[in-house]
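**Student:** Protein chains in written order, with the numbering used here: chain A, 3 to 153; chain B, 8 to 407.
Calculated directly from the structure, the hints in this document are not laboratory data. We treat Cβ as the ideally placed atom computed from N, Cα and C, and that holds for glycine. It is possible that some hints are incorrect.
Straight-line alpha carbon distances no greater than 27 Å define the calculated DSS-like cross-link-like pairs of lysine-lysine that follow [to be verified]: (1) K269(B) with K53(A); (2) K94(A) with K320(B); (3) K270(B) with K131(A); (4) K148(A) with K269(B); (5) K269(B) with K123(A); (6) K44(A) with K320(B); (7) K135(B) with K94(A); (8) K269(B) with K94(A); (9) K17(A) with K270(B); (10) K16(A) with K270(B); (11) K78(A) with K320(B); (12) K44(A) with K34(A); (13) K74(A) with K148(A).
Label pairs and their calculated CB-CB ranges [unchecked claim]: (14) R203(B) with K34(A): 50 to 60 Å; (15) T206(B) with R120(A): 33 to 43 Å; (16) T45(A) with G27(B): 34 to 44 Å.
Just a sample of chain A residues kept apart from chain B, beta carbon distances all over 10 Å, derived [unchecked claim]: (17) T12; (18) P18; (19) S21; (20) G32; (21) T76; (22) T87; (23) F89; (24) E96; (25) E105; (26) D119; (27) D127; (28) K131.
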Amino acid sequence: MSQSNVITITTEWKKPRPSIDHDNAEFWAGLKEHKFLVWKCKTCGTSYWPKAYCQNHDNEPFASNMDWVEAKGTGKIYAFNIHHTAFNPGFKEELPYYYALIELDEGPLVSSTLIGDRRPKNIYDIGQKVEVVYEDHPNEGFTIPKFRIID
Amino acid sequence: MPKHPSSGKYAIVGLGVVAGAQPDRSERMIAAEAARLAIEDAGLTRKDITGAVDLRRSGGGGDRASYSDAFTRVLGLNNNYYYINGRGGALAGLGMATAMSFIDRGISDYVCLMGAVTDWSQAQESKKKGYRGMAHSEKRGYWGKFVGDSVAVSHHSWMAARHMAVYGTTSEQLGAIAVSQRQWANLNPEAKMYGRPMTIEDHQNSPLLAEPYHILDMSLVSDGAVAFILTTAERAKDLKSKAVYVLGQGFGEVSSTVWWDKKNFTHMAVEPAKKQAFGQAGIELKDIDCAQFYDCFTAEVLFQIEDYGFCKKGEGGAFVAAGNMAPGGTIPINTSGGLLSCYHLGDLTGLAESVRQVRGQAGQRQIKDCEIVMTTGHGGELVSPGMCSIHTCTILGSQP
């Protein structure tokens with residue numbers, strides 16, 4: 003990686019906080035260690051995000067045939083929009099922001115905002131390769147994954 | 008195609024609509040009023056109503072009609088049961104399917120189904136705190152709010168964006184949907200946008216909220232209520248109003264397959280719903296005289312036009328730009344103005360219009376010889392990273 007994939011922010015958080023529960027606590031813990039985890043089937047190898055039972059075959063109780071494993075943290079832009087309005091006032095200073103659906107190399111779609119110097123030219127300009135950037139908020143106790151175009 | 012035994016066995020016999028901003032009224036009062044109007048329209052009395060369904064938006068839209076009392080108590084109905092039914096904007100379709108079971112087993116002769124919202128009035132309150140749109144209805148517990156995910160606006164603009172990127176659809180073509188519906192709204196004095204014509208240029212010049220979506224791609228935030236009375240076709244014969252028969256119903260879920268193969272962003276779960284509803288009714292697409300498609304955003308209409316087969320997949324943009332869904336077009340769609348230009352009461356907006364079209368009560372916008380109408384609904388909890396779950400399809404007709 004040519005640039006650091008970690009950003010540390012210490013200013014006060016004025017936006018909605020992540021909703022961390024039984025199903026995604028491990029995922030959020032992984033982000034703090036700068037790992038992007040996906041929920042993978044030990045039987046057939048298919049990856050999911052968020053947590054789900056494997057769709058390809060019968061499962062063990064509570065999907066114990068699945069586990070969180072580290073993904074490559076890379077993918078492609080599947081679609082994106084550009085928010086010109088802050089529906090929540092906490093995002094006013096970021097406008098306009100690019101909110102993208104990312105198709106991870108492992109298959110699942112995840113969403114987050116695009117950061118860095120490069121942006122798609124227009125709505126039709128998709129498929130760019132991206133990598134995850136970990137935005138650490140040490141005062142808040144969480145890390146948020148964002149994505150940066152790398153190709 | 009032979010009809011299913013259930014087709015035409017039940018009918019809508021009364022309709023009550025409370026439309027327009029209601030800043031000085033509670034949800035329970037507009038709910039009770041819509042129910043009162045529906046009962047009166049059917050020529051029934053409150054003691055005839057032995058079952059009641061409150062059509063509330065659970066899931067993605069939140070419990071936005073979470074008022075404290077039941078409209079049945081406020082109005083004084085004679086109901087033996089009352090329950091809450093609905094998922095996102097899929098309200099009438101689900102409510103009817105469950106209510107028919109109570110009628111079928113002789114538990115109720117007449118069921119009153121009602122949905123009410125005061126979204127517009129509530130949005131005026133959250134605006135004072137710096138929020139826009141539907142902040143009052145947002146649910147906790149899904150991905151993305153911390154990076155500015157704005158719920159339906161974010162997710163549906165991805166769908167439009169993906170369709171544009173895959174099929175070359177343009178913003179002007181999406182604008183043609185909004186303009187077509189505005190033309191219909193201008194034939195409907197009950198529509199919020201009645202008397203406010205709109206052009207493609209107006210659409211293109213309107214503010215970009217979540218690109219590719221302009222504000223004129225988005226549905227209205229409304230107050231209001233719609234209620235209707237459901238009974239058997241047999242009982243409907245003796246009532247004063249013209250019966251509107253339930254010919255078929257179908258349901259599909261993107262969570263079953265579409266989600267995992269990512270078609271969610273260019274398709275709706277139309278295929279199973281169409282097969283069930285059209286199969287029960289014994290009809291084909293060409294039998295549809297007009298369609299009321301769930302239209303929380305413009306591209307959702309486009310997806311349904313394609314997925315039901317009014318044109319090929321990916322060709323919906325050219326289809327709507329040629330005026331096919333507008334007044335005078337080949338398939339009239341959202342003839343009240345829909346959620347985009349009339350009012351937003353989930354699929355109850357479309358249901359009310361379907362009943363009026365079949366009864367011949369649609370005034371200037373009446374479709375000639377309107378015998379068979381379809382109404383669709385949508386909605387559901389927001390599964391990360393952005394998903395609209397259910398698709399419902401209800402076929403209504405003038406003959407059993």
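**Student:** Each of the hints needs a verdict: does it hold here or not?
**Tutor:** Hints, one by one, checked against the model:
Only pairs whose Cα atoms come within 27 Å are accepted, and K269(B) paired with K53(A) is accepted, the gap being roughly 16 Å. A hinted pair counts as satisfied when its Cα atoms are at most 27 Å apart, and K94(A) with K320(B) does not qualify at roughly 38 Å. Restraint check for K270(B) and K131(A): satisfied, since their Cα atoms lie roughly 21 Å apart, inside the 27 Å limit. For the hint pairing K148(A) with K269(B), the CA-to-CA distance comes to about 21 Å; that is within 27 Å, so the pair holds.
Taking the CA atoms of K269(B) and K123(A), the gap is near 24 Å; set against the 27 Å cutoff, the hint holds. Distance check on the hinted pair: K44(A) and K320(B) sit about 37 Å apart at the alpha-carbon level, beyond 27 Å; violated. A threshold of 27 Å between alpha carbons decides the hint, and for K135(B) with K94(A) the separation of about 16 Å falls inside it, so the pair holds. Of the supplied pair hints, the one linking K269(B) and K94(A) is violated, its CA atoms being roughly 31 Å apart against a limit of 27 Å.
For the hint linking K17(A) to K270(B), the alpha-carbon distance of about 31 Å lies beyond 27 Å, and the restraint is violated. Our distance criterion of 27 Å between C-alpha atoms is broken by K16(A) and K270(B), whose separation comes to about 35 Å. Annotation: proposed proximity of K78(A) to K320(B) holds, straight-line Cα distance about 24 Å (limit 27 Å). Between the alpha carbons of K44(A) and K34(A) the distance comes to roughly 24 Å, so the proposed pair stays at or under 27 Å and holds.
Our distance criterion of 27 Å between C-alpha atoms is met by K74(A) and K148(A), whose separation comes to about 14 Å. The hint said 50 to 60 Å for the Cβ distance between R203(B) and K34(A), and at roughly 52 Å that hint holds. For the hinted restraint 33 to 43 Å between T206(B) and R120(A), the CB-CB distance of approximately 36 Å keeps it satisfied. Between T45(A) and G27(B) the beta carbons are some 57 Å apart, a value that contradicts the proposed interval 34 to 44 Å.
For T12(A), the non-interface assignment is confirmed: its Cβ lies about 16 Å from the closest Cβ of chain B, beyond the 10 Å cut-off. For P18(A), the requirement that its beta carbon stay farther than 10 Å from each beta carbon of chain B is not met, with the minimum near 4 Å. Listed as a non-interface residue, S21(A) fails to keep its Cβ farther than 10 Å from every Cβ of chain B; the least gap is roughly 5 Å. The claim that G32(A) is not at the interface with chain B holds, since no C-beta of that chain comes within 10 Å of its own (minimum 15 Å).
Once the 10 Å rule is applied to beta carbons, T76(A) is consistent with being away from chain B; the minimum gap is 17 Å. Annotated as non-interface, T87(A) brings its C-beta within 10 Å of a C-beta of chain B; the closest such distance is 5 Å. Its closest Cβ contact with chain B, about 4 Å, brings F89(A) to no more than 10 Å, contrary to its assignment away from the interface. Consistency note on E96(A): stated as away from chain B, yet its beta-carbon is not over 10 Å from all of that chain's, at 7 Å minimum.
The beta carbon of E105(A) sits about 8 Å from the closest Cβ of chain B, which is not more than 10 Å, so the claim that it is off the interface is violated. Remark: the non-interface label on D119(A) is consistent with the geometry, its nearest Cβ contact in chain B lying 19 Å away (cut-off 10 Å). Not every C-beta of chain B lies more than 10 Å from that of D127(A), the closest at about 8 Å, which undercuts listing it as non-interface. At roughly 16 Å, the least C-beta separation between K131(A) and chain B is larger than 10 Å, which holds for a residue marked as non-interface.
Hints 2, 6, 8, 9, 10, 16, 18, 19, 22, 23, 24, 25, 27 from the list above are not met by this structure, while the remaining hints are.
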